[in-house]
Amino acid sequence: MKKLIFLALFIPFLAKAQFKIVNTSTTNLLELRTGTWPLTLQKVTKESETYYVLLFRDQEYSNEVIMKTIRFADLEQLKYFQKGLSTLKTGTNGDIAEFKEYSIKKVDDKKEGTWYVLNAGDGGVTNFQQPDADKMIAAIVGL
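Take 318 as the starting number for the sequence shown in this note's numbering and just add one per residue.
Rather than coming from a laboratory, the hints here were simulated on the basis of the structure.
Worth double-checking, as some hints may not be accurate.
In silico DSS-like pairs for lysine-lysine, Cα to Cα no more than 27 Å straight-line [what the hints assert, rightly or not]:
1. K422 to K406
2. K452 to K422
3. K360 to K417
4. K400 to K360
5. K406 to K428
6. K422 to K360
Distance windows between CB atoms, simulated [what the hints assert, rightly or not]:
7. V382 to N340: 24 to 32 Å
8. D412 to G459: 20 to 28 Å
9. N380 to P448: 23 to 31 Å
10. M384 to S420: 13 to 21 Å
11. D391 to E348: 19 to 27 Å
12. E377 to G411: 15 to 23 Å
13. E364 to N410: 38 to 46 Å
14. E429 to E377: 17 to 25 Å
15. V434 to N380: 19 to 27 Å
16. T353 to P448: 12 to 20 Å
17. E348 to E429: 18 to 26 Å
Note that the structure is predicted; figures quoted are calculated from it, not measured.
A virtual CB, placed ideally from N, CA and C, is assigned to each residue, including glycine.
Please model the complete structure; the sequences and the hints are all you need to start from.
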């Protein structure tokens, strides 16, 4: 009988220890593209940690949907991305801003204007035009 009372008192504590509630919040800061080729800048907050993610569909695979992310550990790392875009804006065709996890290349096309090719360190690739780069710069500066 004592064992049953002990188990009845002890089991709720065991069950409680097995589950951990994590408060996570994901906020879209900028949604440049939706649909087939999405490109979104997000802020993710987990308890005491905040980081930023650039989410895009890998353009190397046109017949498969493979989503890639570039994670920025904090606002400072995101600001480096913004500074890279700002520097390339004033640069010339073929300039590359290289970072540890990704690189951005500027490509000028007389017909279509300026494009940027973003290569993630894990092999993901996407591109975007100058107006999209300007929107990203403005969104990051505003943080």
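Where does the structure disagree with the numbered hints, that is, which hint numbers, in rising order? Per hint list: zero violations.
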